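There are 6 protein chains.
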Amino acid sequence: MAHGYDAGRLDLPFVGVATFGKYPLCLDWDRLDADVAILGAPFDLGTQWRSGARSGPRAIREASTLFAFGHAGAYDHEDDVVYLPAGQARIVDVGDADMIHTDTLQSHANIEAAVRKILKRGALPVTLGGDHSVNIPCIAAFSDEEPIHLIQFDAHLDFVDERHGVRYGHGNPMRRAAERAYVTGLTQLGIRNVSSTAREGYEDARAMGSDILSVRQIRKLGVDAVLERIPAGKRYYLTIDIDGFDPSIAPGTGTPSHGGFTYYEVLELLDGITRRGTVVGVDLVEVAREYDPAGVTSILAAQVLLNLIGRVLHNRA
Amino acid sequence: MAHGYDAGRLDLPFVGVATFGKYPLCLDWDRLDADVAILGAPFDLGTQWRSGARSGPRAIREASTLFAFGHAGAYDHEDDVVYLPAGQARIVDVGDADMIHTDTLQSHANIEAAVRKILKRGALPVTLGGDHSVNIPCIAAFSDEEPIHLIQFDAHLDFVDERHGVRYGHGNPMRRAAERAYVTGLTQLGIRNVSSTAREGYEDARAMGSDILSVRQIRKLGVDAVLERIPAGKRYYLTIDIDGFDPSIAPGTGTPSHGGFTYYEVLELLDGITRRGTVVGVDLVEVAREYDPAGVTSILAAQVLLNLIGRVLHNRA
Amino acid sequence: MAHGYDAGRLDLPFVGVATFGKYPLCLDWDRLDADVAILGAPFDLGTQWRSGARSGPRAIREASTLFAFGHAGAYDHEDDVVYLPAGQARIVDVGDADMIHTDTLQSHANIEAAVRKILKRGALPVTLGGDHSVNIPCIAAFSDEEPIHLIQFDAHLDFVDERHGVRYGHGNPMRRAAERAYVTGLTQLGIRNVSSTAREGYEDARAMGSDILSVRQIRKLGVDAVLERIPAGKRYYLTIDIDGFDPSIAPGTGTPSHGGFTYYEVLELLDGITRRGTVVGVDLVEVAREYDPAGVTSILAAQVLLNLIGRVLHNRA
Amino acid sequence: MAHGYDAGRLDLPFVGVATFGKYPLCLDWDRLDADVAILGAPFDLGTQWRSGARSGPRAIREASTLFAFGHAGAYDHEDDVVYLPAGQARIVDVGDADMIHTDTLQSHANIEAAVRKILKRGALPVTLGGDHSVNIPCIAAFSDEEPIHLIQFDAHLDFVDERHGVRYGHGNPMRRAAERAYVTGLTQLGIRNVSSTAREGYEDARAMGSDILSVRQIRKLGVDAVLERIPAGKRYYLTIDIDGFDPSIAPGTGTPSHGGFTYYEVLELLDGITRRGTVVGVDLVEVAREYDPAGVTSILAAQVLLNLIGRVLHNRA
Amino acid sequence: MAHGYDAGRLDLPFVGVATFGKYPLCLDWDRLDADVAILGAPFDLGTQWRSGARSGPRAIREASTLFAFGHAGAYDHEDDVVYLPAGQARIVDVGDADMIHTDTLQSHANIEAAVRKILKRGALPVTLGGDHSVNIPCIAAFSDEEPIHLIQFDAHLDFVDERHGVRYGHGNPMRRAAERAYVTGLTQLGIRNVSSTAREGYEDARAMGSDILSVRQIRKLGVDAVLERIPAGKRYYLTIDIDGFDPSIAPGTGTPSHGGFTYYEVLELLDGITRRGTVVGVDLVEVAREYDPAGVTSILAAQVLLNLIGRVLHNRA
Amino acid sequence: MAHGYDAGRLDLPFVGVATFGKYPLCLDWDRLDADVAILGAPFDLGTQWRSGARSGPRAIREASTLFAFGHAGAYDHEDDVVYLPAGQARIVDVGDADMIHTDTLQSHANIEAAVRKILKRGALPVTLGGDHSVNIPCIAAFSDEEPIHLIQFDAHLDFVDERHGVRYGHGNPMRRAAERAYVTGLTQLGIRNVSSTAREGYEDARAMGSDILSVRQIRKLGVDAVLERIPAGKRYYLTIDIDGFDPSIAPGTGTPSHGGFTYYEVLELLDGITRRGTVVGVDLVEVAREYDPAGVTSILAAQVLLNLIGRVLHNRA
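Residue numbers (the numbering used here), protein chains in the order written: chain R, 77 to 393; chain Y, 77 to 393; chain G, 77 to 393; chain W, 77 to 393; chain P, 77 to 393; chain Z, 77 to 393.
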């Protein structure tokens, strides 16, 4: 019996407590034993427009159960591959980092501690934001790891240094990452139109080793040429701001920017990245349920993550 | 250290996987060891107007975390009581009964099996619907128990016998209950205006031992007089259709009916019931997230249930 | 066989094209033969705040099907009466008056012509707005009828004479009605707080024979005392602005005003009115689906209308 | 006078009872006399994720009135054709098949009976779902007809055989169709990413004569090459699952899947199909108003259907 | 000409840029010259459940224009008073305090500076939150003023001292206020059911001079008796948490709590307070547009504030 | 100091009263002194389907503040240009034209007077609709100006002459414009599928000098070829109906039509237009907040307008 519907439960997508992908819940992090650990980081004190990104982790978990058909894995007929084969994908949901309202630094510290714990336990950390500032502690947690190359999908450059004392908001993470010695480079994909980063920010980014490409530039180059620009064989940390996608499929976010990616544009890039090097960390940020009345944004986030994780595990094996 | 915020996590309401009240998840039902077991029954094939009640269990779980301030229990200054004191309320979330799409009888059978298991393990079953037809298997599960008196909060009598072969829809549960030998009587509270039950249904209900009171009649009688009409010292099964409440606070349901209960009207009756006899089973049904854009309906459901459970445990002790 | 579920269809509320109460559609007005004719008047060019009332007729029709359990009539256990007994209530939906965008006077003229036709065919006209200005042509259509007394349920006095040339907007209808010789008086119920009518408007209204009562004043007086203030034995035209109800149950309207009526407060007054004289015309206005995400406002409108029509027919017989 | 605005009513889209395309209502099916019959099948007991598809028929009818400018037919300047010329398109709305809550088989039987009746009366059946399981009785109704080739637009293969006894849910219809002798082949268009059908289902489908193409594969092939793969000159039954479209334009459905069709991709395929053979039946399924806050999904469904019907009639003539 | 519609513009509520009540905008605070100054404080980093309160100021401004019929003032027929007579009510909108994302203390400091400026210019500060933590800087700004008595309308006691270092969140403001020497007492109205404040918080509050009353207790006492408990002739600072109102009329807030105030219950208390002493400061907090799909919550906030300001000015004169 | 965050306020997008782009408010039109004047025209009496477009001006203003990062201007890294450099772009918000409910002609006259005033003061008028009929008075206001060429982005031709007396509705503006002597030609872009304009309308349009292109035709031609068809060096008036865009990014409009433009397709055409001649007037119409739950439509409108204005000013300089 291949996948056991008969012996067990049917477990339809809408049934049961919503852990990520209906994978087991592991709240005792000292006992974490898995290939992939899903961590929630429901922090939105770093937003400059609409708040709400704290709802992201629960929204994505809920949506992810749609793809938890589970028993037979996820068959993709175009690739002719069964991703996430039942019984082989060792994925757990480790719940959320502890958030401290009013306190950015302590909340970030708690996220960093959680990611460090996951890394220590040997699992791939996949962090569900929260606003993009949660990337700052996620990257900070890699300080004892081998160097990483950062690949960002986003509408915005997020390269502001400091304004009015703010250094840890959702406009700052790529700057903070670029400052770290163990971040050897950045590839920033989807950047377009106006944002909080001024001209100087772009100049600084390029000076600090960033490769910046807009959606239109990527479409002109094609997937392969874009992949070629990413240093091969590296350890990649992927940070996916849902607003890198077009507002038509990702309305549920704080700062939508028109002219974004379609689903398969990103999936094909992600697929290529999993083949080009090693994915050592992932965050997906800025999903806000408040602006997602039809749920398509959290469904997008879940669909991207489960497909990405499936490809990471498949190509790693 | 009274309640341990210092030693542990702050665990704000919006943080973490949404189990009911943030109580532990117990998916291995053979190891269930608790005073109260929360079971989801996300079934909505029995609805006659808007579907969506399958979203109830997840919606209520999510809302219930608002009330999971937890560490210090739930202090009610009007009663001067700390309900659900931390460390003493042994409550678990047992996940959902298995649902079989297209198949009413099998889905109901799975709910019945789950409630039977909870009863066997000595816990109080609290079932989250799902439409009101899930009450049918909940009551069926008591066939080996001591007799029960059924107390219903609802806008509708739900006393239809059979039409076009339908005997297990959400218009039938009270009829099905009244037919059982171990249901010694019914108190039906909040019944008002027109519904699917015709005049004959009311006549049958009264003939089969039901006491039917509208919201206006209850307001005229007062809480004490209503409680007096309920047989004292019995084992009570409570079935709470969220549409018993006024649509102003419970819009998120399939068949809203204007002129319903306010929150404290029901809470005061529930409080009295927990003092008048023994609550041996509870279901709360017909919450549908699709029609609850501000979330007030699922918050109401969670607020009612946590206050009810707190009083059941407090008054039992 | 009392009401024929067996022989025919089950016809659940959500099934079928949404005519009002699932009553027959009669688009050939020359063949109209009924006791009650439901007419849509989807006009909202008269609004001063949020538009959208043109969606009212379709929204109310849709909601009314919830109450179309039909085969057995509408049994009210508090009154112990079956209202709208199947086969006896001769009600038809005559569709909508023709609307001419940009053109208030022509749209109103078309409403007036439709109501005149209904009156000529001997049916009770029940008009679904549309904004409150549709009351102007409805009243105009009674110019050849016996005198009428106008009873209004509303938050606002709607007694503005003219501003910037506007005489036919939704702030003017009661003034326009009071000017007509065949309107012998007005009872204005629910009027509260600030609105577009200035102090002079109130003075004019009282001078022109209006009795103005707020919700709080009505609560203090009680239903019977309020009914006593309405001239007995008259022909009543009822105009029900949904914003007379509290925004908690009627959010779906252009200009909500807090502190309004509950459902039974209005139903009890309506019930008394149907006993105190003859209802010769009804309109229910200002339902706007755009602000009614849970549908409770259109459900309220339908519930009020079907209960009112049931009582009109029951008490007339 | 070409199209008679002057003599009659303006009949703006928002005016009047919402029958499909404002075409006449024919509830006496024995008198059905038309080229095209629109049937509602508001069934959603077959869904595995979000319910709500029972709202589809009314939502599509309402949206279709936007395209009922009517008097002059539907002029498409790109084709330079007036589709659905007034007075020539003999289309009727026959209301809904009778639904029996809790009972899948009886509801399906009623749908089958209705489609059989339409076929018997010589009209083209166009069925508005409801979830995709309503395709099962639609196809069953063709058992006495000449063989058909089935063309599906969908994100999901819907080729599950049986699980936990379920054979008539919304994951099963293409399997059920493929089993029938008079279904000579299947063309399955838009199939992508993970769904409830496992790898074996795809293998079975291909073995049973199905041609499966993803959206990306179709884009690479082009419209003409795709049309070439469909057997020419056949009798085609078209089943259009709205989730074949991209969630950006079809959020209002139970199980959205990113990476779907745009509007014109489908319209151009549909146009080609109406020229390549004879369309003998159509269903459009899985529209759920609950997840369609801006109404774009039901507008899409109506726009697709009216354009399809126009082309069927135009190319047939 | 009393109010000049003829000479000027009609200025319907939906017309024009949304300043509070359509009163003039004064962004140069050094030139502030008014009786009342409306200040936005769009801060929501202090929330423990749903964020979104940063949208409050704009939402309330937008809603307030509904009540800007303006030219003739606001006539209340129950009081027979024209409040806010045109040309006499010197009210200005001073825009918002500057917010610094990620930074609670600096954002609070900016609010405090703004309120100090308003006080220095001799105007009554009316602050639009933002979450309830914005009350902390509002009260801080009174350090150089005569003592004040604080009157709170709220579901929650907000009397938490400190947890995990948090002292300036939305659960702390009443504690922070009670600690100040110039706050001579607190009256806390509407407090009910469970919240983040534990039993010790209530004990501390009473020990520090607070009078705590639930909604039910207030209903039993009556308006006059409640007013009697407030020290007479004092300088009152009013802090109105919109969640003091019932969720039925105030769904648009972060932490709704069932069983709250109706509109007139609060208005009558506010009216009495304006007669019993001097209102020297006001804040209205926790309105969140994200959960207010029909806009009734922001309409409530605007209606309460304009009625309150009208009574403050009327009774002061 | 280049852009002065340090000296002044941070002024995050969500902070402050929502004028367009946070530019200054100028309500004294006799003192208007600017390069660009933003005028609201909240008129929706001309709509034939869903109303609501009166909410457009406020919705667009609110959304435009997202792009008011301001201090450093709007840097577009693809163009390597800082548009709208701080201190150089002289833009003001002049509030709204006065609307007269029920009265189309007077409301239009007020819009015309406002645009005339703007033209007289030497500023570029940018009008925010309102429905597309507001284009009629906008064009009328150019009667004393040099001739203009009209460029329209729209799904619909809007070329109806007259029906039932209606000449100034939202289906008529392009016909009205074409009739004017000083309109030397029309370019109509994006026109597709069925609309209220019948075949004769298209024939008339072409006869009166219109160039009509569908979205698909434009895609085939490419941006440059389309620009070539527009007479060079002319004075262009741009009228942008938001429904020219695809419903996926512009759901918030009265009459969505599938198959529309993406964001960059329009931006590239607009960019080319600002280089090909002189833009002398702009309107953007048909945004309706009621159907825009995630706000993406008003964000699109604001993003298009600010990018357009930036390019007009940049290329003019």
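Read the hints as simulated data drawn from the structure, not as lab findings. Source: prediction; values computed, not measured. Cβ coordinates follow ideal geometry from the N, Cα and C atoms, glycine included. Watch out, some of these pointers could steer you wrong.
To be clear about the criterion: a stretch of chain G counts as covered by chain P if any three or more of its residues have a C-beta under 8 Å from a C-beta of chain P, and this derived list gives those stretches [to be verified]:
(1) 124–131
(2) 160–166
(3) 268–277
(4) 315–328
(5) 365–372
Pairs of lysine to any residue, SDA-like flavour, derived with a Cα cap of 25 Å [what the hints assert, rightly or not]:
(6) K196(W) - G84(G)
(7) K193(G) - R275(G)
(8) K296(P) - L103(Y)
(9) K296(R) - V158(Z)
(10) K296(Z) - E304(R)
(11) K296(Y) - K193(G)
(12) K196(Y) - L103(Y)
(13) K296(W) - G348(R)
(14) K196(P) - K193(Z)
(15) K296(P) - V157(Y)
(16) K296(R) - G298(W)
(17) K296(G) - V299(P)
(18) K296(R) - I306(W)
(19) K296(Y) - R292(P)
(20) K193(Z) - K296(G)
(21) K296(Z) - V299(R)
(22) K296(W) - E304(R)
Taking the hints in turn, this is what the structure says about them:
Only residues whose C-beta sits within less than 8 Å of a C-beta in chain P count toward coverage, and the segment 124–131 of chain G has 3 of them, enough to reach three; the restraint holds. Note: the segment 160–166 of chain G has 0 residues with beta-carbon separation from chain P under 8 Å; the three-residue rule is not met and the coverage is violated. Only residues whose C-beta sits within less than 8 Å of a C-beta in chain P count toward coverage, and the segment 268–277 of chain G has 9 of them, enough to reach three; the restraint holds. With 6 residues having a beta carbon nearer than 8 Å to a beta carbon of chain P, the segment 315–328 of chain G meets the requirement of three or more and the stated coverage holds.
Only residues whose C-beta sits within less than 8 Å of a C-beta in chain P count toward coverage, and the segment 365–372 of chain G has 3 of them, enough to reach three; the restraint holds. Between K196(W) and G84(G), the direct Cα distance comes to roughly 21 Å. Compliance with the 25 Å bound is thereby established for this hinted pair. The suggested pairing of K193(G) with R275(G) is violated, with an alpha-carbon distance near 38 Å, which exceeds 25 Å. For the given pair, K296(P) sits about 46 Å from L103(Y) by alpha-carbon distance, which is inconsistent with the 25 Å threshold.
The hinted pair formed by K296(R) and V158(Z) meets the criterion: a straight-line CA distance of about 24 Å does not exceed 25 Å. Straight-line distance between C-alpha atoms of K296(Z) and E304(R) comes to about 30 Å, which puts the hinted pair past the 25 Å bound. A distance of roughly 46 Å separates the Cα atoms of K296(Y) and K193(G); the hinted pair therefore is violated under the 25 Å criterion. About 16 Å separates the Cα atoms of K196(Y) and L103(Y), which keeps this hinted pair within 25 Å; it holds.
Among the hinted pairs, K296(W) with G348(R) is consistent with the structure: their alpha-carbon atoms are about 19 Å apart, no more than 25 Å. As the CA atoms of K196(P) and K193(Z) are separated by approximately 40 Å, the hinted pair breaks the 25 Å bound. Among the hinted pairs, K296(P) with V157(Y) is consistent with the structure: their alpha-carbon atoms are about 21 Å apart, no more than 25 Å. Between K296(R) and G298(W) the alpha-carbon distance is near 20 Å, which keeps this suggested pair within the 25 Å criterion.
Taking the CA atoms of K296(G) and V299(P), the gap is near 15 Å; set against the 25 Å cutoff, the hint holds. Restraint check for K296(R) and I306(W): not satisfied, since their Cα atoms lie roughly 33 Å apart, outside the 25 Å limit. Among the hinted pairs, K296(Y) with R292(P) is consistent with the structure: their alpha-carbon atoms are about 18 Å apart, no more than 25 Å. Under the criterion of a C-alpha separation no larger than 25 Å, the hint pairing K193(Z) with K296(G) is inconsistent with the structure, at around 55 Å.
For the suggested pair K296(Z) and V299(R), the alpha carbons sit about 23 Å apart, so the restraint of at most 25 Å is met. Taken as a hint, the K296(W) and E304(R) pair is honoured in the structure, with Cα atoms around 23 Å apart against an allowance of 25 Å.
The structure fails to meet hints 2, 7, 8, 10, 11, 14, 18, 20 from the earlier list, while all remaining hints are met.
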